[in-house]
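Here the protein sequences come in this chain order: A, B and C.
Reminder that position 389 of the first sequence reads as 389 in the working numbering, one-by-one numbering, no gaps.
Reminder that position 136 of the second sequence reads as 136 in the working numbering, one-by-one numbering, no gaps.
Reminder that position 538 of the third sequence reads as 538 in the working numbering, one-by-one numbering, no gaps.
Treat the hints as calculated values from the structure; they're not laboratory data.
Virtual Cβ for every residue (Gly too), placed ideally from N, Cα, C.
Among the hints, erroneous ones may be present.
Ranges between beta-carbon positions, derived for each pair [said to hold, decoys possible]:
hint, chain 1, residue 1, chain 2, residue 2, range
1, B, Gln48, C, Ser870, 28 to 36 angstroms
2, C, Thr498, A, Ala74, 54 to 62 angstroms
3, B, Asp111, A, Pro75, 54 to 62 angstroms
4, C, Pro763, A, Ala74, 49 to 57 angstroms
5, A, Phe67, B, Gly89, 18 to 26 angstroms
6, B, Gln48, A, Ala145, 45 to 53 angstroms
7, B, Asp134, C, Phe144, 32 to 40 angstroms
8, C, Thr885, B, Glu11, 17 to 25 angstroms
9, A, Phe67, B, Glu151, 30 to 38 angstroms
10, C, Gly88, B, Pro18, 57 to 65 angstroms
11, A, Pro75, C, His40, 37 to 45 angstroms
Below, in silico cross-link-like pairs of lysine to aspartate or glutamate (EDC-like), each with a Cα-Cα straight-line distance of 20 angstroms or less [said to hold, decoys possible]:
hint, chain 1, residue 1, chain 2, residue 2
12, A, Lys382, A, Asp372
13, C, Lys578, C, Glu615
14, B, Lys99, B, Asp144
15, B, Lys154, B, Asp134
16, B, Lys99, B, Glu147
17, C, Lys223, C, Asp121
18, A, Lys186, B, Glu45
19, C, Lys68, C, Asp94
20, A, Lys76, A, Glu48
21, A, Lys76, A, Glu119
22, C, Lys427, A, Asp41
23, A, Lys382, C, Glu97
24, B, Lys20, B, Glu9
25, B, Lys20, C, Asp459
26, A, Lys276, B, Asp134
27, A, Lys193, C, Glu797
28, A, Lys186, B, Asp140
29, B, Lys70, C, Asp200
30, B, Lys154, B, Glu104
31, C, Lys291, C, Asp21
32, A, Lys186, B, Glu147
33, A, Lys382, C, Asp919
34, A, Lys186, B, Glu51
35, B, Lys15, A, Asp161
36, B, Lys20, A, Asp161
37, A, Lys186, C, Asp177
38, A, Lys76, C, Asp121
39, A, Lys76, C, Glu425
40, A, Lys186, B, Asp40
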Amino acid sequence: MERPLTQHTHPDGTTRTFREYVQDGGYRGLQRLASGLAPKDVQRLVSEAGLRGRGGGGFPTGTKWSFVPMGPDAPKPKYIVANGDEMEPGTFKDRVLMEGDPHGLVEGMILAGYALDAEVGYIFLRGEYHLSAQRLNQAIAEAYAEGYLGKTIPGTGFRFDLHLHASAGRYICGEETALINALEGKRAVPRAKPPFPQTVGLWGQPTVVQNVETFYNLPHIVNHGAAWYHGLSRTQDGGTKIYGVSGRVTHPGWWELPLGTTAREILEEHAGGMLKGVHFRGVLPGGISTAFLIEGHLDLPLDFSSLPAQVGRLGTGTMIVLDDHTCPVGFVLNLERFFARESCGWCTPCREGLPWVARILTSFEEGHASKDDLALLDMHTKWLAPGHTFCGLAPGAMAPLQSALQYFRDDFEQHISRGRCPWRHKPAQLKVLV
Amino acid sequence: MLSDTERRELEEAVKHYPDKRGAAIDALLTIQRRRGWISDDSLLEIAQFLEITVEELDSVATFYNLVFRKPVGRHVAFMCDSISCWIKGCERVQEQIKKLYDVELGQTTSDGRLTLLPIACLGQCGRAPAMMIDQDVHGDVTPDTIEQIVEKYK
Amino acid sequence: MASQACATEGVGLTMATIIVDNKSYTVDERQNLLAACLGHGLNVPYFCWHPAMGSVGACRQCAVKQFKDDRDQSGRLVMSCMTPVTNGTRISIDDPEAKAFRASVIEWLMVNHPHDCPVCDEGGECHLQDMTVMTGHVYRRYRFPKRTHRNQSLGPFIRHEMNRCIQCYRCVRFYRDYAGGRDLNVFGSHDALYFGREQDGTLENAFSGNLVEVCPTGVFTDKTFFHHYTRKWDLQSAQSICSHCSLGCNTTASERSGILRRITNRFNSQVNGYFLCDRGRFGYEYVNSDKRIRHARVRPDQNRTKSAQPQEASEVLNIIGERLRSAHGLIGIGSPRASLEANVALRTLVGPQQFILGINEHEHQLLSKVFNVLQTGPVPSASIHDAEQADAVLVLGTDLLNEAPRLALALLQSIRQQPMERVDELKIPRWDEAAVRNAVQNRRGPLFLAGSQRTWFHDYATDSYFAAPDDIARLGFAVAEHIAPDAPTVSDLPDNVTILARRVAKSLSGAQRPLIIAGTGSGSLAMIEAAANVAWALHRQGKQSRLSFVLPECNSTGLALLGGGRLQDAFDSISQGKADTVIVLENNLYRRAEEEQVDAFFDTAHTVIVIDSLENRTTAKADVLLPTATAPESDGTFVSQEGRAQRFYQVFIPEGEIRESWRWLSELARAASQETDVDRGVATWHNYDDAVSATARAAPELAHTGKVAPSASFRLMGQKIPRQSDRCSGRTSLIAHLTVHEPPPPVDHDSPLGFTMEGYRGPLPSPLISQFWAPGWNSIQAVNTYQDEVGGPLRDEMPGVRLIEPVATQAPAWFTAIPHLFQPRSDQWLLLARPALFGSDELSNQSSAIAERIAQPFLSLHLSDGARLSLDDHSMIDLTLQGTTYRLAVHLDPYTPVGTAGLFLGTEVSSGQVPAWVDLFKAITTEQQRRVA
Ligand SMILES: Cc1cc2nc3c(=O)[nH]c(=O)nc-3n(C[C@H](O)[C@H](O)[C@H](O)COP(=O)(O)O)c2cc1C
Ligand code: SF4
Ligand code: FES
């Protein structure tokens, strides 16, 4: 099994040095550019490879790029941004890549810059990732020293500058338009689309934002071609994916696997199954903005096209397992508190609705919820839907809640009928945190 | 007054952006690294440096949660309270800290040594529960090991 | 701002048909769905959208159901404010799901709202209340604690109650994005948002008062109104015209029980649109001032050492009649702050030869020059609406922010015009405000400011030039020369000015609708001529250029159109004995001429009759003093600097013997005529219509003043139009301490309006609308229901009549008198007037809230001049000018042109003293010097 993204990363968590990176064939993609690979060729390669964004949305990268104005009349400058905000709880795949192999991101971004004729790049990194920051800064400095950055790449007339931007916390910064505002030094509230960042982005200029993992795929696509890339995956979406598991499993962790691997395989073969004495109840397949998958879904291939819409989305591919020793209501309460705290405060349903939801769930946990509260939760899952709120945060927040209400409704009702959380021995004295 | 070193660092940050205010977050974090938190005076100095008003800068500063607009202790412990850590018992670790150091989330110990803050998922879900003290990440923390970890930060 | 306003311009107008709840409507394609629906009277609730500020999609209140086509049964919710109109768009407002969602949005907004409507100043005219009722949300289901905030103290104008906030972001969008303010912002995130200042303190922006109307609930309310609060429905209101500068913004003035309670903005598509400045909004309290003259007074025995004493009005009229009959020569001094009718009345009474424009010689020349330019040239004057649409602007020598603030606000919108071309290319609809701002970023269209004082407005200029008036005029001439090579050449132009002139010329020539602004404030004739040359040069290039001249007072134009003698003529005829009796109309001559001269004038005159509303130094000289009505207490016409004649109406009948000046004058004329005489002239005026028709005959330019608004006989369905709302309460209880009978309401013979709640309620010509209201729309947002296209003109709008339109099609000969390079002198400084938003206007200064904002008198100097005079910044000096000593703070700055000094005397403005050369070494006695001596 090929693992192009991670086969050379050190298992002990130390970083792959510049020397090692080059020795293993790194920055070779740049040399291919000089040998006559035009920007539009790179774009075509990416389209043919069927690369889909790894940030959670799974939007086809080639399609996204096709909206960027090209040619001599296109606005200048254009920007490339790596979305390394990774604040989606349960998600740690970008960190693993950036810490283990910083040069892969640098090379991927240079290639994207070349393909889109964009001369400046930013890595937007979440503020808590100090180790990633340190290693990326070193990689950027090395790439400058070697002339991969800041100098014309021989034989191409193309030159790329790259800067690291460390953020200061706030999940919403990961939403690409909020991220753009954040990079401009503004409050990170999302922007309305259209216009899309590809035409009006950073400082009003054409901008492409991709997830960190997405960029890591580019050097390999450029080096090995679209057919090879397709061959990596088990389904129609090309390539591999970093999957991860956390929760009460035997071996929590991450693995690079072919896209389309099933949840069961990952949970049982890679994560070693549930810890002794606990049983599986459900799993959020990719971060907390996704809906629960239950036993009956575990054999579906996990990729961007195979999950039926009514079942859910893959999201980031890093799963969180709900077991039978964990209260599903407490579980979603934790999620909704997170979402309420991380709402940017721009649009009404999210700003006011999420804290309300969190308070209602708290009252479930404290044992003073009623049937009306269940109705209010249902109402919120209905109203905080895509298009009703300004961005995807609130709909993301509703995905686990709605599916929990669907699959674990019994548990909610028991909280009402027993007047306490069945998982806690004493009626809990939870504090209203939100 | 910004020190020479601070000014130099800010000037370096500003170079990365076509517009000075793009460096607002870098500037706030840079000064915070040196001074621990962003006082009203620091805010004013940074705003002047970036050629924006204090209102504009504070509007940004108060949006983010890693910019401290109140003093913090010598060390800041960020306790991840997101889902994976919650499943693995972060609440019990929190209670233990409370017991050991007599400090609630959002507070600083009376000797000014430690500020305890909640934080969203640190991306260490494989090693949950996780926490970060200053810039160091600690995984698989338990109520039994927490004292040993915290004791390294005086 | 551009968005909606632009949608009213004819360019590229395409109509689309949309289907709303199965009915077809024709709408302008450049609108969003929300505006389109509102324009057809379809009620869709909203908060964050504002017709002048576009859409941002934050509140989610305006959701409607959109269907792909007629087969689509499920549809999807969209925000109507963020959805463009396209042909065939099919939506439903009544869809049950859309309705339920909108009700939920209110429910969310009310989660933290304090529900304090009974004690909230916004109650009864609250957009949040209206929208709550509109959506049908009634029962509270949220049962957890509410968040609370600490409120800030924001200065004398605005009260702050953050707990009522519904986070629509309109305040910051108005204050920062629209009005260029920087000391208000949003702090925090998620549901812990705070809208306010960094710290307690006065909101500095000149347009802060609009927050009161922009905020859809009671977070920002009018503090001056709070001090004498009345519910909106209990107010008696009428159209008024702001009298605090020359722009003529439209206002609604409101009263209850004899007290003027507040001023609110009144939409006029051509003039002020949705916004006023703070001087106009908060300057009204002079009407309620203790210094009001409420009774006629006569000086006993003509002994000038005694003061005038109140007397019965009829008695006073007898005395005047006698004095006038026995007068040896009568002159009348008019006023730029009195109505057109009052001035015409005075002129008719004393005869055109004896009528003096009550302004000084210099101002007289400047005004004549302005009219000469507007009347002989091919370039029309710009309305404020035109100014918003201008795509390149040059301002020569006027300090707009302080002299004509609403025009400055218009220019803050005009600088968006050029960048909008990029927005259009990107196919971003102009109403899509957030997208427009992201595309525009910091790009701004050309705005060049030349003057001698720096303000925050300069932050928005492409380039600023600080120089003495002569040098600014020279820049103007040089710009003209760069546009039209045959225009006169400016010699010895420094290189940097040449470069600037070239740059300005290039920008103006590259524009479609360039605007040149100058004014009388700097006292420079050459500046006006230079502005004319530039505008004419552009006109010759085929540009739709416009001129705008900022004038000193609210009716300077009206007065100048009438024509009359100079103040010096008045002084001469009294001192030379050609006349011995003078009538001074609403004019404090001490603001116009030197003290000694005015003293001598009054002392020599045999009889001084003064008609005015507030005590001042001139009223103290009156032998006979007649109390006149202020604008909100009278009917009248002002002509704005644009040349637009606009009608204001009496809001209430004031206490005492106060009446309009024209009415006093006609009574005076009747009293003076011998009993056997047949009444002639102003003596025949019995009601306001008489005054209007006489005014229309007074000068050819005034011929159309009768068309400004409907005449007194105007009726709808045979009825008058009420000034009170039909919910006005307590009309007997108000006076129950005096009588329990309800007295008959006063009768208004002068206008179609009545002083009651009874009368015609329905569509009205705009000047007759007392307050904007429609069922379900109690807030000022009701204006939408008076427009065919939201943001466009009012239905039956009578936006005033422009009295001066160009007749020439070609520019006359160039002005050629180019001043010499300004030369600083070794011991003298050129003293220039420093206008101030608060302090330079005579009447608003008497309002307590404004008084709090008036700066201490100061003298500004260039840093190097400060050094020459050994003065430090902020040191106090005593400056003696023409015998009077003023205590002034010294302001040193790098902008005041070297060799000049800017003088701000606080409320003691005297235009008679500047510009003038003064030996500052001699005039200044510093503390230090005194101590040394
Ligand atoms: C609330 C919210 C948070 C998001 N956070 C992230 C994030 O942390 N990292 C990320 O790559 N994408 C995040 N996204 C998705 C981005 O908006 C965007 O789609 C993505 O960066 C595009 O990259 P891709 O096409 O390579 O996936 C988030 C979206 C939403 C609505
Ligand atoms: S859904 Fe609305 S409030 Fe929530 S994060 Fe997005 S824009 Fe902000
Ligand atoms: S008015 Fe449409 S979202 Fe606020």
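Going down the list of hints, with the structure as the test:
no. : hint                                    : in the structure
1   : B:Gln48 x C:Ser870: 28 to 36 angstroms  : holds, 30 angstroms
2   : C:Thr498 x A:Ala74: 54 to 62 angstroms  : violated, 37 angstroms
3   : B:Asp111 x A:Pro75: 54 to 62 angstroms  : holds, 56 angstroms
4   : C:Pro763 x A:Ala74: 49 to 57 angstroms  : holds, 52 angstroms
5   : A:Phe67 x B:Gly89: 18 to 26 angstroms   : violated, 46 angstroms
6   : B:Gln48 x A:Ala145: 45 to 53 angstroms  : violated, 35 angstroms
7   : B:Asp134 x C:Phe144: 32 to 40 angstroms : holds, 36 angstroms
8   : C:Thr885 x B:Glu11: 17 to 25 angstroms  : violated, 50 angstroms
9   : A:Phe67 x B:Glu151: 30 to 38 angstroms  : violated, 55 angstroms
10  : C:Gly88 x B:Pro18: 57 to 65 angstroms   : violated, 42 angstroms
11  : A:Pro75 x C:His40: 37 to 45 angstroms   : holds, 38 angstroms
12  : A:Lys382 x A:Asp372                     : holds, 15 angstroms
13  : C:Lys578 x C:Glu615                     : violated, 28 angstroms
14  : B:Lys99 x B:Asp144                      : holds, 12 angstroms
15  : B:Lys154 x B:Asp134                     : holds, 12 angstroms
16  : B:Lys99 x B:Glu147                      : holds, 11 angstroms
17  : C:Lys223 x C:Asp121                     : holds, 10 angstroms
18  : A:Lys186 x B:Glu45                      : holds, 18 angstroms
19  : C:Lys68 x C:Asp94                       : holds, 17 angstroms
20  : A:Lys76 x A:Glu48                       : violated, 27 angstroms
21  : A:Lys76 x A:Glu119                      : holds, 9 angstroms
22  : C:Lys427 x A:Asp41                      : violated, 29 angstroms
23  : A:Lys382 x C:Glu97                      : holds, 10 angstroms
24  : B:Lys20 x B:Glu9                        : holds, 13 angstroms
25  : B:Lys20 x C:Asp459                      : holds, 16 angstroms
26  : A:Lys276 x B:Asp134                     : violated, 35 angstroms
27  : A:Lys193 x C:Glu797                     : violated, 37 angstroms
28  : A:Lys186 x B:Asp140                     : violated, 36 angstroms
29  : B:Lys70 x C:Asp200                      : holds, 19 angstroms
30  : B:Lys154 x B:Glu104                     : holds, 18 angstroms
31  : C:Lys291 x C:Asp21                      : violated, 59 angstroms
32  : A:Lys186 x B:Glu147                     : violated, 40 angstroms
33  : A:Lys382 x C:Asp919                     : violated, 78 angstroms
34  : A:Lys186 x B:Glu51                      : holds, 14 angstroms
35  : B:Lys15 x A:Asp161                      : holds, 12 angstroms
36  : B:Lys20 x A:Asp161                      : holds, 18 angstroms
37  : A:Lys186 x C:Asp177                     : holds, 14 angstroms
38  : A:Lys76 x C:Asp121                      : violated, 51 angstroms
39  : A:Lys76 x C:Glu425                      : holds, 16 angstroms
40  : A:Lys186 x B:Asp40                      : holds, 19 angstroms
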